[in-house]
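Everything in the sequence shown is counted per the numbering used here, starting at 124 for the first residue and increasing by one.
Quick caveat, the hints were computed from the structure, so don't treat them as lab data. One thing to keep in mind: the hints can contain errors.
Claimed, not checked - DSS-like cross-link-like pairs, simulated, lysine-lysine; straight-line CA separation at most 27 Å: (1) 148 / 257; (2) 239 / 175; (3) 162 / 148.
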Amino acid sequence: MKKNFIDNLLTLANTEITFNLEQWKAYNEGILTLNDVYKINRVDKEIGKLNKTAYNLLAFMLAGVVGGIEAYKNTLTVQVSNPVGAIDTLGNTFLNIFQGLGRWVTLIMAFIEIIKSIMKGSTNTSEIFGIIFKYVIVFATMYLLPYFFDVVASAF
124 MKKNFIDNLL TLANTEITFN LEQWKAYNEG ILTLNDVYKI NRVDKEIGKL NKTAYNLLAF
184 MLAGVVGGIE AYKNTLTVQV SNPVGAIDTL GNTFLNIFQG LGRWVTLIMA FIEIIKSIMK
244 GSTNTSEIFG IIFKYVIVFA TMYLLPYFFD VVASAF
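All chains, full assembly: derive it from the sequences and hints.
Okay, structure coming up:
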């Protein structure tokens, strides 16, 4: 154990290693080495970069949608005789925009979660199919929820 510790210190001499509680316990029990903790932290840092990239992409897409709405806001027609119809028209326009945006966001987030699962070493296909079905349900909800609201409104 001591030789392994010294070898790892020499290898990682100029590298700062931060432990979380689970890593510290595993290191003290001899389950993890300094090199293992270093590799785990590097993978976590890369996953954090992916999350930041997804956040930046979402912010960019949202800014694009808002810019598009701002550019075409004068082309929206408003009927003065039926104000509820105008609200429905505007609501459907926003619904279509958010459904289109939601498609890409759910697709990108599904890819990110699948990649994270693979990077953690998962070879279990049922876990990947679980991720896929989770995002399919989220995407389907964006279309089913407005449909269910219309069914309830027409029933009364």
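Checking one constraint from the list: CA of residue 239 to CA of residue 175, max 27 Å. Satisfied? 14 Å, holds
Does the alpha-carbon distance linking residue 162 and residue 148 stay inside the 27 Å limit? Between residue 162 and residue 148 the Cα gap is close to 17 Å, so the pair holds against 27 Å.
CA of residue 148 to CA of residue 257, is that 27 Å or under? 33 Å, violated
Checked against the numbered hints given earlier, this structure breaks only hint 1.
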